[in-house]
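Participant: Use the sequences and the hints to build the structure in full.
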Amino acid sequence: MIHFDNVTKVYANQNRPALDHVSVDVDKGEFVFLVGPSGSGKSTFLRLVLKEERPNSGAIHVAGKDLARLSNFKVPHLRRRIGCVFQDFRLLPNKNVYENVAFALEVIGKPRRFIRKVVPEVVELVGLEGKAHRMPDELSGGEQQRVAMARAFVNRPMILLADEPTGNIDPATSIGIMKVLDRINRTGTTVVMATHDAAIVDSMRKRVVELEDGKIVRDQSRGVYGQAY
Amino acid sequence: MRANFIFSEVWIGLRRNLTMTIAVIVTVAIGMALLGIGLMVSSQISGMKDYWADKVEVSVFLCKKNDPFPKCKGSGGVDQEEQAALRAQIEGMEQVEKVEFEDAAKAYENFKVQYASNTVLLAAIQVDDMPESFRVKLKDPDTYGAVIESLEGAAGVSNVVNQKKLLENFFGLMEKIRGFALVIAGFLVIAATLLIGNTVRLSAYNRRRETGIMRLVGASNLYIQLPFVMEGVIAGLIGGVMAAVLLIVTKVFLFDGMQGYLGNSQLTWETVASVISFTMAIGVFICVLASFVTLRRYLRV
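From first to last, the protein sequence lines stand for chains D and G.
The numbering of the first sequence is this note's numbering, which starts it at 99 and goes up by one.
The numbering of the second sequence is this note's numbering, which starts it at 1130 and goes up by one.
Just so you know, the hints here were simulated from the structure itself, not pulled from any lab data.
Be aware that one or more of the hints could be misleading.
The calculated EDC-like cross-link candidates involving lysine to aspartate or glutamate, where the alpha carbons are at most 20 Å apart (straight line), are [as the list claims (entries may be wrong)]:
#, chain 1, residue 1, chain 2, residue 2
1, D, Lys208, G, Glu1339
2, G, Lys1266, G, Glu1281
3, G, Lys1194, G, Glu1281
4, G, Lys1227, G, Glu1278
5, D, Lys277, D, Glu227
6, D, Lys193, G, Glu1339
Pulled from the structure, derived: some chain G residues nowhere near chain D, Cβ distances all over 10 Å [what the hints assert, rightly or not]:
#, residue
7, Trp1140
8, Tyr1180
9, Val1225
10, Ala1245
11, Lys1266
12, Leu1295
13, Met1303
14, Glu1304
15, Ile1306
16, Gly1308
17, Leu1323
18, Val1378
19, Thr1400
20, Leu1418
21, Tyr1427
With the Cβ distance kept under 10 Å, some of the chain D side facing chain G (calculated, not the full set) [stated by the list, open to error]:
#, residue
22, Gly181
23, Arg188
24, Leu203
Quick caveat: nothing in here was measured; it's all calculated off a predicted structure.
For every residue, glycine included, the Cβ atom is placed at its ideal position computed from N, Cα and C.
Facilitator: Structural data, given as structure tokens:
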């Protein structure tokens, strides 16, 4: 599903590569934790999958497509197959829960009838039934992140990228977030989650890829966060 | 593509930047109106040139009794012999197509028509005050130089007036007005372009959250950019409509008002309509262009 082959990314005006000859394979339906200290290249990895950045060398395949040969014109279509969740939720403050989720479908031109049917289902899936008409500032951090997950998942993406989704959320609430991610993963969606949260990684017992200074130092199925942290 | 989504976005964008939008509309309106006036003056000039081309004549005024003109001082006015000699001289010139004699009575008729509204002047001027003249039509209106030179010194001639010269002065003035309107229109077009650029930039900044999410969920570039471009188009269209109103007012009050002095106005409604559609197209085109160029810089997609 995601295939990195000897990928190196050096940002302009920087000597040290953000990713240094990284090769990794993520299969369809897998759940992968991407761990490592700040600046180890986790976010760069996710940005490369979305083609927000281009690698300096190496090849990236996502959902069977060679990103180097994907024209800019087609990048939006790639992104429709990838859902994204961030630490800071990125909700629209002037829209309620339903509208925030529906926005993701409206802007890719889905018909209104389809939106009316699908959005309530996904709102329920993330555990926000009955809160569809709340505004984001009336929700707790955990609930806001659920809205963001509903928005990321509403178009049934093949891949869900989560960049520290529990970073702004207390540990008790994080468990609920992880349950939703697990539920999404069980529908067959590949999930890649970058995180610092050792407790979560240890409790989930999923594949762990550890990055350090842009290099993969560990790739372990059913792994834990690691001793060093 | 969902039209009402785009339009609600456009409406929000226009409302958030109301002052900038008004500035864009006013600039576009005035710029396009001046451009249109320049074009209308242009068409008026060429129309009038055609109209007058076969009507201009050289008027050779003859001395009458006690004529105050210096060349006639002392003479008792032109006599029959001098008049016949003059006619023969004029008819003998190879540049001349045709000569007509206008006597005082006919000149008075023409005068009465031309100054019908000025009763004071009509009461003061009598038939005897009108000069007699030869109306000389040239084969080529541009060859007046030699004709005038040889007639000006002839006996019994008070003065020679070349209508072409008068018209050329008038056309010169019209051409200056046109040039002035077009230069100012050019500056306003530049101002409008920069204003639109700024408006779009503000709009893009105001909506960076929305556009960020749109990018993330895979909205196409067109879908993301269209609301911004539409903002420019709508501002341009409103400006264009205001310019059209200004042009119609100009046509009715300025060009049709000139009709009394110039015989007829050459500016038809058809011309005004094509000028209006042209300026509107230009206005919208500028807006679209400025929006796209700015978006490429400020809205990463």
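Participant: Indicate, hint by hint, whether the structure satisfies it.
Facilitator: Now the hints, each set against the structure:
no.	hint	verdict
1	Lys208(D) / Glu1339(G)	holds, 17 Å
2	Lys1266(G) / Glu1281(G)	holds, 16 Å
3	Lys1194(G) / Glu1281(G)	holds, 18 Å
4	Lys1227(G) / Glu1278(G)	holds, 18 Å
5	Lys277(D) / Glu227(D)	holds, 16 Å
6	Lys193(D) / Glu1339(G)	holds, 11 Å
7	Trp1140	holds, 14 Å
8	Tyr1180	holds, 56 Å
9	Val1225	holds, 73 Å
10	Ala1245	holds, 69 Å
11	Lys1266	holds, 69 Å
12	Leu1295	holds, 64 Å
13	Met1303	holds, 51 Å
14	Glu1304	holds, 50 Å
15	Ile1306	holds, 49 Å
16	Gly1308	holds, 45 Å
17	Leu1323	holds, 28 Å
18	Val1378	holds, 42 Å
19	Thr1400	holds, 43 Å
20	Leu1418	holds, 21 Å
21	Tyr1427	holds, 17 Å
22	Gly181	holds, 8 Å
23	Arg188	holds, 6 Å
24	Leu203	holds, 8 Å
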